[in-house]
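Residues per chain are reported as follows:
Number of protein chains: 2
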Amino acid sequence: MTFIEKLSAAWAANDSLLCVGLDPDMARLPAQFQNDPQGIYQFCTRIIDATADLACSFKPQIAYFAALGAEGQLEKICAYAKENYPHIPLILDAKRGDIGATAKQYAREAFDRYGADAVTVNPYMGSDSVEPYLEWSDRGVIILCRTSNAGGSDLQFLKVDGKPLYQHVAKLVAEKWNANGQCALVVGATFPEELAQVRGIVGDMPLLVPGIGAQGGDIEATVKAGRTYNGTGMMINSSRAILYATPQGGEDFAAAARRMAQETRDAINAHRA
Amino acid sequence: MTFIEKLSAAWAANDSLLCVGLDPDMARLPAQFQNDPQGIYQFCTRIIDATADLACSFKPQIAYFAALGAEGQLEKICAYAKENYPHIPLILDAKRGDIGATAKQYAREAFDRYGADAVTVNPYMGSDSVEPYLEWSDRGVIILCRTSNAGGSDLQFLKVDGKPLYQHVAKLVAEKWNANGQCALVVGATFPEELAQVRGIVGDMPLLVPGIGAQGGDIEATVKAGRTYNGTGMMINSSRAILYATPQGGEDFAAAARRMAQETRDAINAHRA
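If you read the protein sequences in the order shown, they are chains A and B.
Each residue of the first sequence is one higher than the one before, starting from 10 at the first, in my numbering.
Each residue of the second sequence is one higher than the one before, starting from 10 at the first, in my numbering.
Honestly, the hints are just simulated from the structure, not real lab data.
Computed from a prediction, not measured in an experiment: that's the story for all the values here.
Be a bit skeptical, because a hint or two may be false.
Since copy identity is lost for identical chains, a pair holds within one copy or between any two.
In silico lysine to any residue, SDA-like type, Cα no more than 25 Å apart, as pairs [claimed, not checked]:
1. 233 <-> 44
2. 172 <-> 39
3. 180 <-> 166
4. 113 <-> 47
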């Protein structure tokens with residue numbers, strides 16, 4: 010089963026467009042995990058268990074593991090998710106971008122070492138920096154297009170032939186890199202009009218949409234701008250709002266995370282039709 | 010001592026603009042290292058010892074370690090280089106790019122965990138994705154500008170106000186991100202004319218120049234296009250041509266690497282005046 014097929018099945022099975030982001034910031038974890046060498050693993054797997062029937066994907070952000078030398082825990086988290094929830098796509102958020110020989114190594118990291126169904130990739134270095142990921146034909150390649158941060162405009166909004174750069178990236182992916190139908194795009198929720206522009210360019214290509222929750226994007230505007238004709242087409246990510254739904258140290262962090270995930274899923278679903 | 014000061018001192022001390030890239034591809038390592046759990050560490054430290062008086066910097070490429078789960082060996086290699094050759098700048102080639110909260114984690118990875126003097130960064134996500142690195146004021150931040158691969162043209166050569174995108178990146182870095190004088194740019198040796206364009210925009214800002222050796226860039230054209238008024242200003246990288254200078258399995262790989270490094274340094278120096 011390919012990434013796109015798996016994603017479509019998860020949208021349907023959990024009636025959800027919610028992607029649960031795993032960004033385990035040690036300083037914000039409940040106290041019981043902070044002094045445990047396996048605390049990140051314990052925390053993330055509890056979050057996974059609490060939200061697996063509400064999510065269309067899980068997305069660990071590798072930077073939080075790399076800063077702490079906790080790649081071993083990330084390996085175990087990915088293995089846990091794949092073993093217990095094999096029908097939920099696992100996205101490694103890595104945003105790599107490098108020449109072909111190096112990209113080949115990063116593809117091994119994402120797809121072989123961590124067993125991810127999909128990985129996020131930066132387009133700045135162009136086609137041969139993306140090809141080594143595309144060679145893994147059953148995996149998803151999610152290209153940065155219009156990111157949710159303020160500085161995203163510095164390059165992505167520069168005008169090329171009268172249109173912003175991010176639209177050229179959307180076209181490049183839709184017309185060239187997506188030959189095998191395995192691509193998706195990152196488009197931030199903080200810019201609903203631009204989300205709608207991208208949707209118009211890429212047909213029903215899936216969009217990974219960060220920026221709701223802690224980053225302030227509006228759910229209704231996001232869903233209406235990015236949904237496909239059948240009310241799917243998006244993985245709307247929430248990380249911090251779900252992970253840290255209780256004040257620090259709360260024993261019921263998993264229940265609170267579940268409640269927040271359910272509220273977010275339902276708020277999204279209210280606007281899918 | 011800042012990264013730029015350390016780099017200037019290394020240019021002078023070793024009379025060299027050569028950056029030795031550490032891209033340890035397991036399949037190409039001499040046989041004695043392939044079955045050793047610490048083989049990558051053994052290989053890279055031998056290369057470091059063999060070239061430390063010929064190089065202006067060392068540049069490990071983290072993808073080769075990440076693909077194998079060998080971050081522990083990378084930590085040890087960085088510690089070894091810093092302890093034994095503290096005057097040679099250590100550049101982590103990671104090309105990360107992410108929103109501020111995540112970039113902060115990647116900066117910790119590069120500067121704290123690996124103790125790098127500088128790190129390579131992707132500009133696609135703009136200013137707030139670069140700021141967390143700039144906050145480490147004694148470290149170098151080396152931004153991708155015009156990369157050496159063929160696909161680099163896909164985005165970097167798009168015209169914005171009549172000029173290619175990579176020139177806008179060069180200006181953005183020179184005029185804004187370099188407020189603290191800690192930035193450098195990646196500009197490939199495969200495009201000497203474009204290297205000269207960038208040099209014209211950024212004054213004496215250091216350039217990290219990949220693309221000679223295995224990638225085919227011409228040394229004379231590269232040096233003449235990228236040198237500053239005093240014949241420095243560049244870290245000209247060679248990785249594979251030095252690391253794999255002997256046919257696989259040769260016992261004298263370190264001597265061959267040294268010979269190749271010396272030839273490359275001298276070929277560069279012939280055109281610096």
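- Can you give me the call for residue 233 and residue 44, within, between, both or neither, at a CA distance of at most 25 Å? neither (43 Å within a copy, 55 Å between copies)
Check: Is it within a copy, between copies, both, or neither that the alpha carbon of residue 180 lies no farther than 25 Å from that of residue 166?
Finding: both (15 Å within a copy, 16 Å between copies)
* Between copies, within a copy, both or neither: which fits residue 172 and residue 39 at Cα up to 25 Å? -> neither (46 Å within a copy, 51 Å between copies)
Pop the pair residue 113 and residue 47 into one bin, within, between, both or neither, using alpha-carbon distances up to 25 Å.
-> Close across copies (22 Å), not inside one copy (30 Å); limit 25 Å.
The structure fails hints 1 and 2 (numbered hints given earlier, in ascending order).
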